[in-house]
Each structure stands twice: as C-alpha cells, then as structure tokens.
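Undergrad: For reference, the chains in residue letters:
2 protein chains.
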Amino acid sequence: MCSSSSTARFRPFQETCTRNPIYMQALAVAQHVNTVVLKVHCSLPFRVLGVQYFISMTRPPKAQPSLLFRQLFEKESSTYTYLLADNAHPDRPAVLVDPVDKTAERDAALVEQLGLKLLYVMNTHVHADHITGTGILKNKIPEVRSAISRASGAKADLHLNAGEKIYFGNLYLEVRPTPGHTKGCVTYVTGEGPDQPSPRMVFTGDALLIRGCGRTDFQGGDASQLYNSVHSQIFTLPKDTLVYPAHDYKGHTVSTVGEELKLNPRLSKDEEEFKRIMKNLGLPYPKMIDVALPSNMVCGVQDPVAT
Amino acid sequence: MCSSSSTARFRPFQETCTRNPIYMQALAVAQHVNTVVLKVHCSLPFRVLGVQYFISMTRPPKAQPSLLFRQLFEKESSTYTYLLADNAHPDRPAVLVDPVDKTAERDAALVEQLGLKLLYVMNTHVHADHITGTGILKNKIPEVRSAISRASGAKADLHLNAGEKIYFGNLYLEVRPTPGHTKGCVTYVTGEGPDQPSPRMVFTGDALLIRGCGRTDFQGGDASQLYNSVHSQIFTLPKDTLVYPAHDYKGHTVSTVGEELKLNPRLSKDEEEFKRIMKNLGLPYPKMIDVALPSNMVCGVQDPVAT
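Here the protein sequences come in this chain order: A and B.
Per UniProt numbering: the first sequence = residues 1 to 307.
Per UniProt numbering: the second sequence = residues 1 to 307.
The following block holds chain A by itself, in its conformation from the complex (with noise of 0.2 Å):
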C-alpha cells in the first residue's frame, strides 16, 4: 500500500526524530488518527503527500467476534433450531431457539459439551407442526427460563414485547414482532454494533422461509399482516443480513435479505400479488396442529405440575 517514493520522503524525519519529543508527538498524531477511526469504525481514505491511501481499522481484540453460533436440524418437521453463546464471556451464556421434543437431549448434550450456561430457550411463535423442546429443557437444566412473545398468549418465564433486547453475555437478541403466519410470531435479530456479530443475523420463525414463507390460514393468519410485517421489520435490514428460517424442506440453511427481497416468489411481489398466492396455495389441514397446539401454548412443558 505504502509506495517507496512516500517512504523515502519520511524516512529521514523518521531517522532524525527518533526519540525527539516533535517524534513522539507524530506518534501521537499516528494514535490520533487511529482513535479518530476505531471511534467511527469506518474505514478512512485521506491523501498523505499526493498518494492516496486506505486505511481500514477495526477495534481492540474485544471487538473480535464471540458469537458461538450452531444451526441444528431436526429431519421429520424439517426444523431448525439455533444456538448462540457468547464465547467471550466467562460464562459463555447462550440461547437457544425454536427448539424440537425430539431432538432435545442433543440439544441439551451440546450445550453441556460446549461448557454453556443456557439462560433461555425461546421460540418465535406456537408451532403447529411439531412439539416445542422448551419444557424437556427445562426440566433438564431447572435454571432456564422459556421466553415467548406476550402476544402468542402461551405461558412461558418470560413474556417479550416489541424491541426488547434480550441479553447473553455481552451479546443480545431484539425482538421485532412478525405477526401473520400467526398472531403471535416474532422475529428475533443479532445485536447492532461493533461488539455485535456481523453481518447481523435473522431469526425468522415462518415469518420468512428461503424462498417462500409460513401458511397464513390457521391461528390468526392474516397473509396483509405477513406481508406488512416481513417488509417493515426484516426486509428493513441490512441487505447482507444472514436469513435463518425456522424450517426448509430443500435442504437449505440460510439466505440473505437481500437475496429475499429479489428471489422469494411470494414477498418479493406487491400486497395484492402476494395475498392471491397465499389464497390459493390450497394446502392440506396440518397434520400436527392437534397434538402440537395445546401443548405448545405451555411451552412444551411436559410434567403436569411444571405447567
């Protein structure tokens, strides 16, 4: 980056100052322009003797990224499950979202290998085609408390509201609300900052699938609230935002706000193209929401007195 005809011309500044208190103080001039930039956390070109340079910092090593981040499958409901710790902290707290009764001895085993503290286990909305893990979790680890949004009307320790930041470490998860595949659906997205993951991270429930999204025709579905909500509160993001969907039946993991925006054959049309798509997709009756409702409104909980 540095031409030699720049260095020749300060190399015998450097040589002559050398320990001279006008030295010290370019040092300090060099520590001002650092700081300047580690404040806005930018990168900063600016033209030093006719030769324009580039300078690009970021912070101290805190500022590196802590996020442990593990995507986790289920085959038969074809669902994700996520788990974030901060893995700076000494205590490595985590969260884990959208977990399934049938894979939650694995989950509960990778927490206990990974030497995690699991603060919550949350979900992002009553799931209607699978049984929630929430209450094998809690029964196996009695420190954590299930979290859910107020408006899913399900019990759970903690009831969220809209923009409510939810802390693990240093690390945290907002909450937006994405009411439409049911009334009750949030969205939760990674921390904005520098001592935040980035790109920032979407967790999207059936608000958002890759390439398509969740059925609006059952528990308060409402495919102009779907629609209202994906536009205003996740395609709003930035455009590089990692997509992390609570199922994908083609074997996919994740996508990007952007790539949403231009390829979801449903969200990507207008309101009104997008509500004739949702009327017609003439899907069958869901063959889980019977066992699946009741008890996911209890978050799971499967010990009677726990409820």
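These aren't lab readings, by the way, just hints derived from the structure by calculation.
A few of these clues could be false.
Copies of the same chain are indistinguishable here, so a pair counts whether it falls within one copy or spans any two.
As the list claims (entries may be wrong) - Under the rule of at most 25 Å between Cα atoms (straight-line distance), these lysine-lysine pairs were calculated in the DSS-like manner:
#1 75 / 287
#2 75 / 140
#3 287 / 250
#4 239 / 262
#5 262 / 117
#6 250 / 102
#7 275 / 117
#8 275 / 287
#9 269 / 102
#10 269 / 250
#11 262 / 165
#12 140 / 250
#13 75 / 239
#14 165 / 75
#15 102 / 75
#16 75 / 250
All values derive from a computational prediction rather than experimental measurement.
Let chain A serve as the given structure and place chain B on it in line with the hints.
TA: Below, chain B alone, put in the same frame as chain A:
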C-alpha cells in the same frame, strides 16, 4: 481508547502544525505505522506517552471476507454439499463440494440465482452411499470441470494431488490427503492468510464426522491410516477451524477442530483404542454401495457419451 490527557498533549502540536511540512511528515509517520501493521496483519500493542494503546488494523476493503458460503443438505443420505464463491470477484467464481444427484437441480438453480460462475465440482472421495451430482451438473453447466483426487482412481477432468490449491477468484481450497475411509479420500481446507476466510474451514468428507468418522471396512479402508490422516492433516489445524463433514445423521451442521480433538468419541482416543473401536462397529453392508460405486467412479456422469 484515547484518554483525554493524551489528547490534550498532542492537540497544541496539531493546531500549530496543520498544513505545516512537519505536520505533513507526522501524518506520514502515522501512515508508516499503519503500513507496518498492514504488512504484518496483526494487533500491535505499543506505548505512547506512557499510555498503552492497542491498535488493531485490517487491510483495505478488499481484505474484507469475500466468501459467499452455503451449506446444503440432502435428506435421504444425510449428505452435506458446500457452495463456496468469491463474492468480491467480478465473475463471482464458485466451487461446489460433494453434490448429490437428487439435489443437483437445486444446486444448479442456486448457482444461477446467485449469479455465480461455477468452476469446479469437487468430490472429497468416491462415495458409497449416494450418487454424486457431478455428472448432472456438468451436463447442465458445460464449462464446469469435475475434480477428485488422483488417488481415488476415478475419472474426472482434474485429478488432484496433495498440497494443490484450487483457486476460485482470490480464494482457494488446499487439497490434503486423508485416506483411511477410502484410499483416495481428501480433505479441502480454505486458504491461509489475511485475504482468506477466518477462521479457516475444513471440508472433511467422511474422514472426520462430527463426533464420529467414516467406516474403514470397504473401499481400501484402513483404520490406522484414517487415524493418522485425521491427526496429521486435520487436527493440526488451528482449534477454531470450522469442521464441515460430508454427512451428519443427528442434525449437527458444524463442529471445530478443537471440539473434535476433545469430544470425538473415536478419534480423541489413542490409535490402538481407535482401531479396536473401528473393528467392532458391526455395521451392515452399505446398502447403496453396489449402485453408487460404479457411477461415482466416473463422477456420476449420466450420459455415457460424456464419460
């Protein structure tokens, strides 16, 4: 980061020296400090005016991680396919590792949707549990070249040797021989250096699975060889290296070298214990082997003219 006292100490110097040759040279020193750090690509602790600062700098924008990465799943054989592309390169060149015939259409569609130029379809080995999607992809995208290890004995456009680097744009995968599951197994590792993904990523095929490994009783398998392959070629990578296997049967998607070193119930043992475990697995005859091997020895090419 910058205390007010140190700021105060260099402010007068700045004020008097702005537009002055000395100030310009001081700025050049600032640039010099940056350039040195840019060259060594590390965090630099140093003391200025008795206050310790940590300056962490990265290279200009082109050094931002440019990897586009997708992990894809094929449910029937529980196989993972990996798509990697250099997102910063104008052509967006890409490679696909271990595609499956049943999901090859999905993979081709994704490549097209993302505007990638697929250069290579690379197999980690001659699979016995599914038919590779390589042939289908070559038929759909004629400029794609198939790649597999020379040691596999299989037909391909490109036969890979130990230590080769397969470039896609400015990114590359390094070929590491890891025989033992089959005689021709290789592991692909993302590049080393500031322009390459960090942490590194390793695509282990069946040599190393999450908390497991491939069987060693068919296709020239050898438990002792597998043990030494994994320990010399994979476990020597940095502990934070992300481990992406060819399969997972429990819904895990990723692990790390550090985790497998400690938690792999087979490969964390000594070699004699490992050989004993592998000898006593009592696995059934691989159900797909008689169909998959003949096809995969020609990289799954479906059109007999094209072999």
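Undergrad: Compare the structure with the hints numbered earlier in the document and write down the numbers of the violated ones, lowest to highest.
TA: 7, 9, 11, 13, 14
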